[in-house]
Amino acid sequence: MNNDNRYILFYIGCELYGTPLLDVREVVEYQEPKYMPNMVSHFTGVINIRGSIVGVMDLRKKFSQNTQVNKTTAFLVSDSEQGSIAAVVDRVDSVQSIAKESIDEKPPIMTSVNQEYLIGIAKIKDQLVTLINLHSLLSEEKLIKVTAAA
Amino acid sequence: MDGMDLELVGFFCDEATDLLIRWEALCLEIEKNPETSKFDELFRIAHNLKGSSRSVGLDTFGNFIHHVEDGITLLRTKKVTFKPQYAIELLKVQSFILNWVTELKNNPSIILDGTAIADAFLQTLNDASLIEAFNQSNNDVLSAAPVIAPEAPTPVIEVVEVVAETKMVSPPNPKVEKKQVVSKEATAQKTDETVRVSAQKIETLIEMMGELSIHQAVVFHTLQTSGYKNPQLFHSAYLGRKITRELYEKTLALRMVPVQPVFQRLERTVREMSRTLGKDVEVEMIGGEVELDKTVCEKIIEPLTHMVRNSIDHGVEMPEIRTQVGKAKNGKVKLTAVQESGSVTLLIEDDGKGLNPEKIRAKAELQGLVKPDDQLNDMETLALIFLPGFSTAEKVTEISGRGVGMDVVMRAVEALKGEIKIGSELGKGTRFQITLPTTLSIIDALVIKMNNVQYAVPVNAIDEIVNLREFGLEKNENMMKLNGHVIPVEDLSHALKIRSGNDHVSKSILVARIGQHRVAFKVDEVCEQQQIVVKKFSSGMGNVFGLAGGTILADGQPGLIVDLNNIAENYLRKIQPKEQEYAA
Chain A
1 MNNDNRYILF YIGCELYGTP LLDVREVVEY QEPKYMPNMV SHFTGVINIR GSIVGVMDLR
61 KKFSQNTQVN KTTAFLVSDS EQGSIAAVVD RVDSVQSIAK ESIDEKPPIM TSVNQEYLIG
121 IAKIKDQLVT LINLHSLLSE EKLIKVTAAA
Chain B
151 MDGMDLELVG FFCDEATDLL IRWEALCLEI EKNPETSKFD ELFRIAHNLK GSSRSVGLDT
211 FGNFIHHVED GITLLRTKKV TFKPQYAIEL LKVQSFILNW VTELKNNPSI ILDGTAIADA
271 FLQTLNDASL IEAFNQSNND VLSAAPVIAP EAPTPVIEVV EVVAETKMVS PPNPKVEKKQ
331 VVSKEATAQK TDETVRVSAQ KIETLIEMMG ELSIHQAVVF HTLQTSGYKN PQLFHSAYLG
391 RKITRELYEK TLALRMVPVQ PVFQRLERTV REMSRTLGKD VEVEMIGGEV ELDKTVCEKI
451 IEPLTHMVRN SIDHGVEMPE IRTQVGKAKN GKVKLTAVQE SGSVTLLIED DGKGLNPEKI
511 RAKAELQGLV KPDDQLNDME TLALIFLPGF STAEKVTEIS GRGVGMDVVM RAVEALKGEI
571 KIGSELGKGT RFQITLPTTL SIIDALVIKM NNVQYAVPVN AIDEIVNLRE FGLEKNENMM
631 KLNGHVIPVE DLSHALKIRS GNDHVSKSIL VARIGQHRVA FKVDEVCEQQ QIVVKKFSSG
691 MGNVFGLAGG TILADGQPGL IVDLNNIAEN YLRKIQPKEQ EYAA
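Those sequence lines, one after another, are chains A and B. Just so you know, our numbering puts 56 at position 56 of the first sequence, and the rest follows in order with no gaps. In our numbering, each residue carries its 1-based index in the second sequence increased by 150.
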């Protein structure tokens with residue numbers, strides 16, 4: 001099976017999103033992040049994943065969704081350029097193969113997703129899926145609000 | 151050749167291999183982008199190789215590097231304009247040295263003939279330097295050409311001399327002809343085989359072992375509380391726990407090595423230096439079996455070597471003078487390692503002439519490091535030698551290196567989270583005391599609570615802990631009087647900009663000391679002292695203000711490590727923006 005066109009689909013609020021499967025190292029059960037000061041507001045803290053400290057980026061806050069934590073809330077852990085970062089999503093849906101032809105690349109619509117991270121919009125079973133590049137989103141996003149004094 | 155030398159050569163080979171890998175990378179970078187900083191690094195590598203090889207007795211090797219170093223100096227000082235061809239020459243030299251090092255691992259006394267290589271390299275550069283120098287002026291040429299024979303009358307002859315000196319033997323193919331000097335049994339013996347494993351792999355192993363122990367404990371606990379229904383299962387779990395614990399200890403010990411090889415290398419340095427200087431110095435070593443983290447061991451060698459060199463060069467007197475002042479003819483350098491809980495103390499003592507506080511003071515004033523009206527006691531005066539810019543070595547000699555000062559030693563020790571103290575009695579000797587943490591990754595920390603969240607504060611950053619229930623604050627809680635001094639008080643949760651709730655009551659105060667200044671920080675609660683494993687933040691979170699990293703606390707929760715010194719420095723800078731000297 002070709003991994004290049006496989007995407008992991010997940011919900012933030014009631015919106016369905018997808019990101020290349022290979023961008024995600026693992027999916028982890030939700031745990032309450034430990035608050036970390038001096039960071040941007042959607043960086044909600046750190047968690048312990050098998051003994052290592054991993055930063056948490058709340059995609060719900062990032063995409064302006066006010067959903068509550070429930071049983072299906074999960075972390076998508078990705079090895080970004082900034083180190084391992086866990087992204088909070090409301091529900092992990094499935095893994096799907098999406099052919100390149102069925103992706104509408106960079107459609108000229110306003111989305112809550114910055115165009116730089118947007119791969120395109122795909123249609124799966126009558127549902128529209130916003131495909132984002134999680135790796136570059138987590139890599140380029142500024143996390144620190146107050147840096148150490150030089 | 152005895153066992154000690156074999157071990158030392160092995161040590162050297164490992165170090166050299168790493169340096170040579172960097173050399174290769176540098177050459178490749180230089181080829182594309184010839185920056186001065188890269189030549190500087192290349193020079194440092196060559197200089198390290200020279201120093202280390204000589205200190206383990208590989209003189210021929212050291213001499214070869216010395217010639218190469220001269221060539222690099224030409225490029226570094228821009229006496230020769232860089233051409234890509236030189237990077238290729240440098241790479242040729244690199245592969246030759248690497249080949250030599252590889253051979254050394256199997257036979258510590260092997261000598262390869264690098265004449266042709268060194269010749270070709272220097273010839274190319276010298277020709278270029280001469281042409282360039284001639285185009286400028288004749289005076290520049292003297293300094294441009296390598297300084298092997300400084301008294302040479304004209305630059306042209308000088309170059310010939312370089313060639314003559316390196317061309318001791320001139321075989322057709324340098325790599326085929328191997329001259330083997332000294333004993334036969336050396337060929338039979340091999341250096342103790344070690345496997346170099348990346349520290350990252352061991353780190354991962356330690357982490358996984360830690361996790362395994364936690365789960366093992368949970369399994370055992372569950373079995374205990376559910377009653378001993380299945381003796382067989384209980385027995386296995388019991389043994390499993392025992393083995394896991396042992397395995398964990400063994401894993402942690404992977405990083406620890408005895409300091410004996412470090413001491414031996416220092417001894418070698420002492421012997422060779424005293425021979426060169428005509429001084430008679432004995433070495434006494436105590437506590438070589440004390441173990442330190444391997445990284446700490448590797449990084450401490452260079453500063454220690456520098457200190458030992460200083461002791462012999464500037465401390466121990468010539469035999470005649472020693473007899474005159476009524477001391478034993480032989481000088482003495484004593485190296486001691488003492489194991490303490492969580493740390494190791496290294497002592498370097500000599501019985502030389504000691505440090506003269508007046509001279510140090512005068513010199514520091516001359517350099518503008520202290521003002522004439524500054525009041526300093528003897529301890530503080532001695533500590534001046536650690537300031538950058540205070541270097542006693544004005545000329546570059548084989549002994550004192552190329553002008554590296556004690557400030558470099560200080561910085562190296564601080565980088566290892568260690569402490570250095572100095573003591574000296576005029577006429578009796580000097581004593582350096584270095585305290586180092588046993589490992590870099592495990593530290594003692596105080597667990598505190600702010601706004602109901604636990605944080606860890608490294609114990610070595612805390613000067614004092616004050617219980618606020620027994621102690622009042624003054625001036626709107628912004629100041630306190632402690633042992634007769636007034637010190638400012640800041641709320642740590644404000645300094646860190648932690649959101650604070652309404653039930654925010656400070657029960658304790660942590661006092662941090664930055665040089666002469668002290669700052670007190672209010673915290674909600676001091677919980678307990680714990681040994682924690684420091685985990686560096688990944689790059690995206692790395693440079694956040696006030697935090698030094700993260701850790702997993704004893705309850706399995708992630709915790710943040712508060713960088714109290716950083717916060718205190720920042721606070722002082724804010725209230726007194728003009729002075730910038732708190733880092734001292």
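Some clues are possibly wrong.
Chain B is faced by these chain A residues, among others (derived, beta-carbon under 8 Å) [what the hints assert, rightly or not]:
hint	residue
1	Gly13
2	Pro37
3	Gly51
Computed Cβ-Cβ distance ranges for the label pairs, DEER-style [unchecked claim]:
hint	chain 1	residue 1	chain 2	residue 2	range
4	B	His365	A	Leu22	48 to 54 Å
5	A	Val40	B	Asp209	28 to 34 Å
6	A	Glu116	B	Ala270	37 to 43 Å
7	B	Lys724	A	Arg25	47 to 53 Å
8	A	Ser97	B	Glu569	56 to 62 Å
Derived by calculation from the structure, the hints in this document are not laboratory data. Yeah, the Cβ is synthetic: ideal placement off N, Cα and C, and Gly gets one too.
### Message
If you test the structure against every hint from before, which numbers come out violated?
### Response
Hints 1, 4, 5, 6 and 7 contradicted; others consistent.
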